[in-house]
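> If you want the building blocks of each chain, they are given just below.
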Amino acid sequence: MSETKMVKFIISRQDNEDTTSYVEEFEVPYRPNMNVISALMEIRKNPLNAKGQASSPVTWDMNCLEEVCGACSMVINGKPRQACSALVDQLEQPIRLAPMKTFPVVRDLQVDRSRMFDALKKVKAWIPIDGTYDLGPGPRMPETKRQWAYELSKCMTCGVCLEACPNVNSKSDFIGAQPLSQVRLFNAHPTGAMNKAERLEAIMGEGGLASCGNSQNCVQSCPKGIPLTTSIAALNRDTTIQAFRSFFGSDHA
Amino acid sequence: MAGNREFVYRRLHSLLGVIPIGIFVMQHLVVNHYATDGVESFNKAANFMGNLPFRYVLETVIIYLPILFHAIYGLYIAFTAKNNASQYGFFRNWMFLLQRVSGVITLIFITWHVWETRIAAAFGNEVNFQMMQDILSSPFMFAFYVVGIISAIFHFANGLWSFLVSWGITVSPRSQVISTYVTIVIFLALSYVGVTTLLAFV
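So the sequence lines, in the order shown, correspond to chains A and B.
Take 41 as the starting number for the first sequence in our numbering and just add one per residue.
Take 1383 as the starting number for the second sequence in our numbering and just add one per residue.
A portion of the hints provided could be inaccurate.
[As the list claims (entries may be wrong)] Derived list of chain A stretches under chain B, where covered just means 3 residues or more per stretch with a C-beta under 8 Å from a C-beta of chain B:
id	stretch
1	178-188
2	234-246
3	263-273
These aren't lab readings, by the way, just hints derived from the structure by calculation.
Cβ atoms here follow ideal geometry from the backbone N, Cα and C, with glycine treated the same way.
Based on the provided sequences and hints, a complete structural model is requested.
Quick look at the structure:
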């Protein structure tokens, strides 16, 4: 039997939230078309590091395995992206894996993405339709608007835009592009637009829209190609008008 | 208003950078360009600017207070960023970094420049061609002025680009590309004005 080709992984690890991180190397037998997840599964099966010493299996988060859930985001060769769609054949070796440090690290490559879900609650990223009786069908949406709104709805809360943003860090409370773009999505919906002012006021608070510094890393890094900076600029326009309305007083809905 | 103090400060910071500071910078560069027409021309212009009616009110409202706010809040903005241009080498991310770097350089330059000219004038020195010639006769100070002026112009031109985004004037990617080109032209044109003026003193 010919010698199996090995793929080298340099993984940034951390035992729990409070300990410091360290680097461990692993070698995984190559299989055609393998992705980073399959390599991590291989390590889990046989947790021996590159020196042949017994180690603990590397922990990571995953769910859908088809780049729609956002759970397996990690920093792969310096770029935050999903491990499921990161194909080993397309990566420079050795492959370096690290957790997205913008988020609290739970263990190894697994991070706590709660801040994004908290931000969605803060900006009211939903459409209130519950009533005591059937409200009937909502208003229709123009097709052209539906098309771009659909692009915004592709957000999978993966956290890549926050990881890439220079203004989302421990020194700032900026919520990042992800919840902001959702405000534009829900404000674009004809029923959602009834609560437009509330959402705009929410993102005009601390750590909101104004903390954006226009580095535009988010739009360059988004795995779903969501026009995040267009959303931010559109919200800048909406909040400009909203600020004048709330300052001078307006009965405009 | 109290709830969105940060929003108001950031918007005010963006606005003041263009109006009045940006307008003042353009005016300052253009008026000083009289130096290329010779000593007399420059002294006449400097004399006119220095003897404008309500001079102290104009200086305070148009220059001192806006620059003070813009500088202090700008430092806060610059030092709350965690720059990552080496990892994410996109054009706009480099501009983001350069905007912060040029802002700090400009602040150092302006502080020295005001000390040497305006504060010196308050102590009785006359601001004229001779004064600038003396300052720029040192090669170090000449280089300092070139770097300072280019930084200030870059900070203004690139800041104008972000002003257009921050106020929701340029929303679409295409409009932001066009404004990038427009601000590059502004940067080059004002740099020409600034550098030719400096050369007139040596």
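> State whether the coverage of the stretch 234-246 of chain A by chain B holds or is violated, taking the criterion as 3 or more residues with Cβ-Cβ distances under 8 Å.
Holds, because 4 residues of the stretch 234-246 of chain A bring their Cβ atoms closer than 8 Å to Cβ atoms of chain B.
> Mind taking a look at whether chain B covers the stretch 178-188 of chain A? Criterion is 3 or more residues with CB to CB distance under 8 Å.
violated (count 0)
> Is the listed coverage of the stretch 263-273 of chain A by chain B valid when you require three or more residues with a beta carbon under 8 Å from a beta carbon of that chain?
It holds: at least three residues are needed, and the stretch 263-273 of chain A offers 5 whose Cβ sits within less than 8 Å of chain B.
The structure shown violates just one earlier hint, number 1.
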